[in-house]
Each structure stands twice: as structure tokens, then as C-alpha cells.
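Engineer: Chain by chain, the residues:
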Amino acid sequence: MHHRIDSALMLAIGSVLAASLVNLYGVSSAVGSGLLLRQAIWGIFGMALLWACSLVRATYWERAAPKIYAICLLALVAVLFLGQVRGGTRGWFVLGPVSLQPSEFARLGTMLMVAAFLGKREEDHLDIMAFLIISALVAVPVTLVLLEPDLGVALTFGPILVVAWWLGGLKPRVWVAVALLAVITAGVAWTTFLKPYQKERVLTVLDQDRDPYGAGYQVRQSRIAVGSGGLTGEGIGQGSQSVLRFLPAQQTDFAFAAWAESTGFIGGSALLFAFGVILFRLGVLTEKSQRRSDLSFVTLVFAWLAFQIIVNLGMVMGWLPTTGVTLPLFSYGGSSVISTCATLGIVQSIWRHRFVNQ
Amino acid sequence: MRIRTDPILFRRRSRVVLAIMLGALGLLHFKLAHLQIIQGEKWAQLAENNRLRRIPIPAPRGRIFDRQGGLLADNAPAWQLLVFPDEADDLDRTVDFLTDQGIIEGQALNQRFKARRIGTMAPLVVAENISWEHVARVRAHQSDFPELSIVSGYRRSYPLSAGTAHVVGYLRKMTESESEGLEDFQPDQMIGATGVEALGEDLLQGRYGKRRVIVSAVGRQLGMVEEDGPTPGQDLVVTIDTRIQKAAVEALGDNAGAVVVLDVHSGAVRALYSSPSFDPNIFSSSMSPEQWSEISGDPQHPLQNRCLQGTYPPASTIKPFLALAGLQEGLVDPQWSVYCRGSIKLYGHTFRCWRRGGHGTVNMKRGLEVSCDIYFYLLGQKLGIERMGSWLERFGLGRPTGLGPAQEASGLIGNPEWSRRVRGTPWYAGESVSVSIGQGPVLVTALQMARSFALLANGGHLVQPHLIPQSTPFEPEEVPLEQANLGVVVSGLERVVHGEQGTARGALRNLPIAGKTGTAQVARLPDEDSTAERPHHLQHHAWFVGWGPIEDPEFAVAVLVEHGGGGGSVAAPAAAAIFRAAFRSGRKAVSAGKGE
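These protein sequence lines are chains E and V, in that order. So for the first sequence, the working numbering puts the first residue at 1; every next one is plus one. So for the second sequence, the working numbering puts the first residue at 1001; every next one is plus one.
If you are wondering where the hints come from, they were derived from the structure by calculation, not from laboratory data. Glycine included, every Cβ here is placed at the ideal spot set by N, Cα and C. Errors might be hidden in some of the hints.
Claimed, not checked - Below, simulated DSS-like cross-link-like pairs (lysine-lysine); rule was C-alpha separation at most 30 Å, straight line:
1. E:Lys-120 x E:Lys-288
2. V:Lys-1210 x V:Lys-1246
3. E:Lys-120 x E:Lys-171
4. V:Lys-1173 x E:Lys-195
5. E:Lys-67 x E:Lys-288
6. V:Lys-1210 x V:Lys-1173
7. E:Lys-199 x V:Lys-1031
8. V:Lys-1210 x E:Lys-199
9. V:Lys-1031 x V:Lys-1042
10. E:Lys-171 x E:Lys-288
11. E:Lys-199 x V:Lys-1042
What the hints assert, rightly or not - Partial list, computed: chain V residues near chain E (C-beta under 8 Å):
12. Leu-1009
13. Arg-1012
14. Ala-1024
15. Ile-1037
16. Ile-1130
17. Val-1479
18. Leu-1481
Stated by the list, open to error - Okay, the calculated beta carbon distance ranges per label pair:
19. E:Ala-40 x V:Ile-1038: 32 to 40 Å
20. V:Leu-1009 x E:Phe-273: 42 to 50 Å
21. E:Gly-87 x V:Asp-1298: 40 to 48 Å
22. V:Glu-1226 x E:Arg-38: 40 to 48 Å
23. E:Ala-18 x V:Gln-1291: 54 to 62 Å
24. V:Gln-1291 x E:Tyr-197: 30 to 38 Å
25. V:Leu-1203 x E:Ala-18: 31 to 39 Å
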């Protein structure tokens, strides 16, 4: 026997997608109207895919994880040679009107693989071998994504790694070692290979009025947009920051700023509430799932989604540096919508099959 | 034994993750509230004052210098009035304001707003070269019309004005189809329309820079987001010698006509003047419809470049080339002579010599000296139209020289095949007789003539006329000639100037030059007695083409005076003044100057 789909989760996902379309309509005077139709098609296709993924048994996904993971790695290698370059990143397969970004799908493959690995283990703590395996499972796709290079997508693998260590039970002394290593790496990165513009982005977070027409320009314009929305907003398509094209990347990275400018605190809160429902339903599922692999997968999905939302909103509101991390389901982008829907489809599959005697 | 599916431990760990992240999200929600509700007013004020502009920075066009370094085309600073249509509350009000102030004509501007490319943030240039008074008026109303902005730009100026209008050329606005697909296109970009401005366009044109600035709600610049500096165009040194050019302007005076001066060895154009001329400065900024109709409707067609585009019968200036052709073909030798009685009957028609009394016995040198028509009727008969045509073509006549590809007329050398194809009538034998003295269906340009005479001066090299020097010399077309034959023709042409009966003797005998006069009939009148009584528009065109100095040839000069009358009496004196200026300016004067 199996259960019905989690309709509250479905409703929240649909609401975010619908809000994303309204937002694209609002910014169309600045970015063109062609994006709206494409995003609508991706959204419909994504919801259908979500439904289809939920019909497949959860145990099938777990068994198929190694194969899916391997295919994702192959795609990441292939895109380095055959992919199209956009904005300096070689990360897209172009098939006629459709372009796909394998790095978005590789994240799903990695979460499936890591969850399957954690589910197979019976120990309560990670030995050094398991620690290395988990780290390698994440490091390989991240390295390939960094070769494109796509820093924004690579960053979203971070929470997967950390949460996988945590769930597996990393020993406290290893945590200390990892933390030390992270600090040293950050120090070396700062002094050696971080580019000046990247450092500037970090510095502008610390000092908000630093270089308002240079590195701090984007964040400053974003904060002006969000802040000027006030309680009720300026109306869809009426935001001056958006219409006058002050807002950079207002269909992707800074989509939330355009939304907050046009719909105000009320609209912004509503969108946050919809994301909250999605995360809450994932949390409910972790309480109900009976298998480690399911629980691990749902927790990884939760951590990744929450990380992207936090990093994106943090950037839009000036708390975190600009990194190119998009807002899931809300920022324009076919691959992102499709891969997120597929991921949530597997979550729905776990929901439906949660009491099945395996 | 542990139950493999025991999720309790993992669930406990998972809760920690959930709690931390939901907490972070809650904090962000507080931040949202802080920005929007508590600080909302402040940010709204900032948004109100926020205006982003993309301002094009004009690149100065390359200047044009003559070979001695004198300025032929310069850039004068000028105020431009820009409007940023995205920022206007009510464009109609803006247009009304500008019209009331007398700065623009509203009708034209409204059309341009409609035609502009949307979504570029780029401004429109609504007025160029506006006066100080207009600048002040716009500044006074700046806060009412923040979408208006006054910036400094450049306006092309030509110091010699009409004196070099045709050769240096002028500018025009790029058309919409030309700007299609150009990345750095600016809505009001000017490009070379004619002359050196058009020939050297790729070098002269700079690349616009752009600057993105934040401006306040009243149009004041607050800060710069990014700047991409302009790349100035490349300066050009052209082959023109201003001293000779000025002499040409004076020599033609009020007459319509054309002067071309070439370096006989390199083909460098030293002077090129078409009269009447015009002031090219008026094309540098927007021209009023009245100005345009005045200049384009002028019955004298000042915009036409008569040196390249005016085609005229060569008249007697064709004779040296037919003489040379006769010698090369072996049809005549220098001693072959005819007896001129003032007229001759050929193919049942009487053909006259220009001198009614006749020249008596005439050989080749004397035939050239006195320009005896009878001699050349008979020589032409020996050559036949096909051979005449093929030699004239080899000498560079009746075909473009390649100086100004888009603007040059080719001229015409008629023959039976052409007659059937173009006129649809058979070729008359009498026409061949006319062609042999440069009348009838044979038309050349002054530039072609100068080039062909340069060939006589330099020993058979058909040079490539050019205005912009290049590092490797232009390859001339070689015309293989017996130097002895060339010597006969050259000495005949020296006698035109220095011989006892030379047709150009009166005007030129004090100068070391050789050449040929020509008097081209415009129309045949029933009474041929006197040219003086003809109305002006039926008077003959006067030619003189020649080169000098004789010992060491340097310049070839072609002068054509439309309806001027006789070549010897009108064109030759003009040529004398030009030669004098050329010799003064001469090779030695510039040996230390710019290279070719």
C-alpha cells in the first residue's frame, strides 16, 4: 500500500513557481518578455516530472543511485568538452531551443548517492574510510563544476558535504581538524587565488557603504530595491529600481529584490512563508521516515534548499557576498527548476512509500 | 543485533540541522522587516534619487593633414544636447519646451523617438553645436527636465572650407541599414560621405567610449559605475599640397571646371579642385531643409565632383595618344605628312580644320604643335576606330582610375559594338573621324587626362592616382612603348608650348612645361564663324593638360574650364598659375617633410 502525495508540499511548490512567473512578468520591461513563456513551460514540465518521480518507489531510487551518480559525472566531464560557454562558464548542453546545465542535476545525483551510502552503513559514527568516501563523493562533482567554472553551483554542494558528515556522525576531533583546515584554506585563498573583485565583494559585506559605485554597486542597488518596497510594495512592474534597470540579474540572482520591491513586506513574507511550508513539510517527513537512507536524503534536500534560500536572501539583503547562488524555483532558469522539481519528486516518493514494508 | 533501519539517531541529528537553518531563515525575515518597514522611507528616498545613465563618449575623428602638415579637417569642440527618453515623465512636454526655446523642431524629434531602439538606456542627440544661449536656457530649466543633458562633443571643421570640399569630402549620418549589426553603433554616428573622409573612413573613425553614471533625480551626476574610454580615430596625412590646391582655386575663379594635379611618378594627387564648390562645414551638424534644398537645387551642381564625375569630350588633348598609337602600330613614321587646306572631304562629308585657312604641310610634331585637325582625321582613318579605342583604353582613358571607387565616372570610348548595344543604331564612319580629334562619342574625366599625360611624362607607366599614401608604392600599369616613339610625341608637345606656332605659347612659353590644349565643342552651330557670339551654355569647354618640368618631370596638370572658350586662351593661362605654384612648392620644399 502507499499514501497519497503530500498536497501541502505540492501547493507550496506550485505557489513559488506561480510567484516566479508573476515576478518575471513584472520585470519583463527590463529583461524582455521571452523569459516568461519559457519559465512557464519549464514550470509545467517540472511539476509533471515531480509527479512522475513520486510514482517511482523510493527503494528504486536508492538502488539506482550509483548509476544516476555515474551518469551525472559523465555529463559533467562531457560538458567541459562539448558544452556551450555563457558568461565565461562552459556549463550548458544546447539541444535546439533547450539548454541544460548538468551541474544542477549532478547535485541531485550526489545527494542520492550520499544518502544511499549513509543508509547502507550500520555504524553510528564515521570512521576515516567512510569520511573519505563521503568527502570524495562530493568533491569529484564539485571539482568538475569548478572547472567550468561555476562557483555559484559549486557552493551549493557545501551543505550536502557538511550535513552528510554530521548525519554520519563525524567524531569531534575530526570536526576540529576540518574546521582548522577550512580556516587555513580560507586564509590561503584570500592571499593567493581569490581575485580582487571577489575580495571586494566580501569587504563590501563588512562595510556596506564601501565603493557604492564599484564592487558594492549591485548589493547597494538590491538593498535600495528591497527597502523601497515598504510594506505593500510599488506594484508588479512598477518598481523603479527594476524598470530603470538598476537591479542587476533581476530575473536570476536578484529576482527576490525585484519581488520585494514590487510586492513589499507582505509579498516578501508570503514568498518566505511558501518556502517555509516546503521546508516544514520536509521536516515533517524526517520525523516520519523509518529508514536511514530516506531520512538522510530528505535532510540533505532540506539543508541544500535552506542553504540556497539563506545565501540568496542574505546576498539580496546585504548580509552575504554576491556569489551567484540563485533562489530555488523562483529564479529564472530551466535546469534549476527541472532539477529542483525532480529532487522534490523523489521526496514525494519517499512520502508516499514511507510505511511500505520493504 | 542492531536493527539496520533504526532511524532514531539520524533523526536526532537531522533535527539539529533543521533547527539551525530555520533559525537562520527567521533572522532573514527579521532583516526583511527591518529593511522594508523600519528603514523603508530612507531606501525609498534613495530609489527616488536613483537614475542610471549610459552616456556615450564621442571619439574624436582622425584629423586630416596635407603633405606639409597643414590642417585639412579638424575637430572643433561643440555642445551637444542629449535626452534620456527613459527618464522623462512626459516627453511631449520636453519636446514642447525645446521647441519653444527654439532649440529644435518638434516634428522631427517625435519621429526619432518612435524610431529609436528601445531598451538601450542610450540617449538621443537632439541638437548638435548648440549656442551658448541655448546651453544657458537648458541649464536654467534643468530641474524641470532632468532627462536633458548637455555634453561636449566634436564637430568636424574644414579650415579651407570650399577650397578642399570635394577632395577632403564631408560627413553624413550613418543610415539605419548601415548600422544594422554594428556592436558599437551610436544613434547619431557620423561617417565619411565623400572624398578622403569616405576613402579613409576605416582609419579616421574612432570608437565611442561609454560611461555609466548614477545621476540624481534632477540630472546631477553622483558617481560613475564604469567607464570605457573612447578610442580616437587615426590622423591621416594625405597627398594634397595645399599651396597647389589654393592656386587651383584661384585659377578657376568663378568659372565652372576641374583641376587635377598628379605626381607623375607616384600618382599622388597634389591638387583636386572642382568648381563651383561649397562649404563642407554645413554637413558637420544637422542641416536645415532650406540649406539642403539650396545646395542640392543649385543649377551649377556644386556637390558634383567635376574632376571625377564630370565627363567631357577630350577634344585635341586626345591627339598625342593617337599619334603615339599610330607610331606604335607602325602605320606612320614621324616624317609622314599631310597637306592641310582647312578642310577635307571624307565619306561624302566635309570635315574642317579649326584653322579655316589651313596649315599647309604638316608632319607629326607640327601636327601636335598647331593641333592640325586634318592630320589627325587622316591618321585616325589609318588606325580605324577599333585600334583607336583599344589604345586609348590602354592609356587609361574612358575607364575609372580607381581613385574613388564609388564616386568615379568611367567616361566613354564609342565603337560599333557599343553603338549597337547601347544606342541601337549603327556606327557611322564619320563618327570615327570625329573621335580622331576627340569629339563625338568619346568622353573622359579631368583625372583620367592628368593620369594619361603623366604616362607620357614618365616613360609609359600608368600610375595609380591616390590620396592616402601607403607604405608600399602603388604598382603602375605598364604600357610597353618604343621610347623613340614617345620621344617624338613628347617633343611635339614641347612645341605646343615653346614652338613658334604652338597653341599654348601665349600663356606658357616662360615655363619649362609640355602639354596640349583642347577646345571641346558643346554644340555644332550652323554658323561656325565665331565662338564669341555663342551664349554661355553653348560655348566650348577649354582644356589644357601637360606636365613639367620638361627635364625632370614632376607634375601632371589637367585643367578643364566648362564653357570657357578656347583651350589656349582660357585653360592654358589657368594652368600656368597652377604650374608656377607647383614649382614653387616643388619636390625640394617637402624633401624634409612628410613622406608619401
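Engineer: Now, for every hint given, state plainly whether the structure supports it.
Structural biologist: For each hint, the structure was consulted:
1. E:Lys-120 x E:Lys-288: 19 Å, holds
2. V:Lys-1210 x V:Lys-1246: 40 Å, violated
3. E:Lys-120 x E:Lys-171: 19 Å, holds
4. V:Lys-1173 x E:Lys-195: 43 Å, violated
5. E:Lys-67 x E:Lys-288: 27 Å, holds
6. V:Lys-1210 x V:Lys-1173: 20 Å, holds
7. E:Lys-199 x V:Lys-1031: 24 Å, holds
8. V:Lys-1210 x E:Lys-199: 26 Å, holds
9. V:Lys-1031 x V:Lys-1042: 15 Å, holds
10. E:Lys-171 x E:Lys-288: Distance of about 27 Å is within 30 Å: holds.
11. E:Lys-199 x V:Lys-1042: 28 Å, holds
12. Leu-1009: Interface hint status for Leu-1009 of chain V: holds (6 Å vs cutoff 8 Å).
13. Arg-1012: 10 Å, violated
14. Ala-1024: Holds. Min distance 5 Å.
15. Ile-1037: 6 Å, holds
16. Ile-1130: 27 Å, violated
17. Val-1479: 57 Å, violated
18. Leu-1481: 62 Å, violated
19. E:Ala-40 x V:Ile-1038: 32 to 40 Å: 36 Å, holds
20. V:Leu-1009 x E:Phe-273: 42 to 50 Å: 32 Å, violated
21. E:Gly-87 x V:Asp-1298: 40 to 48 Å: Violated, since Gly-87 of chain E and Asp-1298 of chain V (Cβ atoms, about 56 Å apart) do not stay within the stated range.
22. V:Glu-1226 x E:Arg-38: 40 to 48 Å: 30 Å, violated
23. E:Ala-18 x V:Gln-1291: 54 to 62 Å: About 60 Å separates the Cβ atoms of Ala-18 of chain E and Gln-1291 of chain V, which means 54 to 62 Å holds.
24. V:Gln-1291 x E:Tyr-197: 30 to 38 Å: 52 Å, violated
25. V:Leu-1203 x E:Ala-18: 31 to 39 Å: The hint (31 to 39 Å, Cβ to Cβ) is violated, given that Leu-1203 of chain V and Ala-18 of chain E are roughly 57 Å apart.
In terms of the numbered hints stated before, the structure departs from hints 2, 4, 13, 16, 17, 18, 20, 21, 22, 24, 25, listed from lowest to highest.
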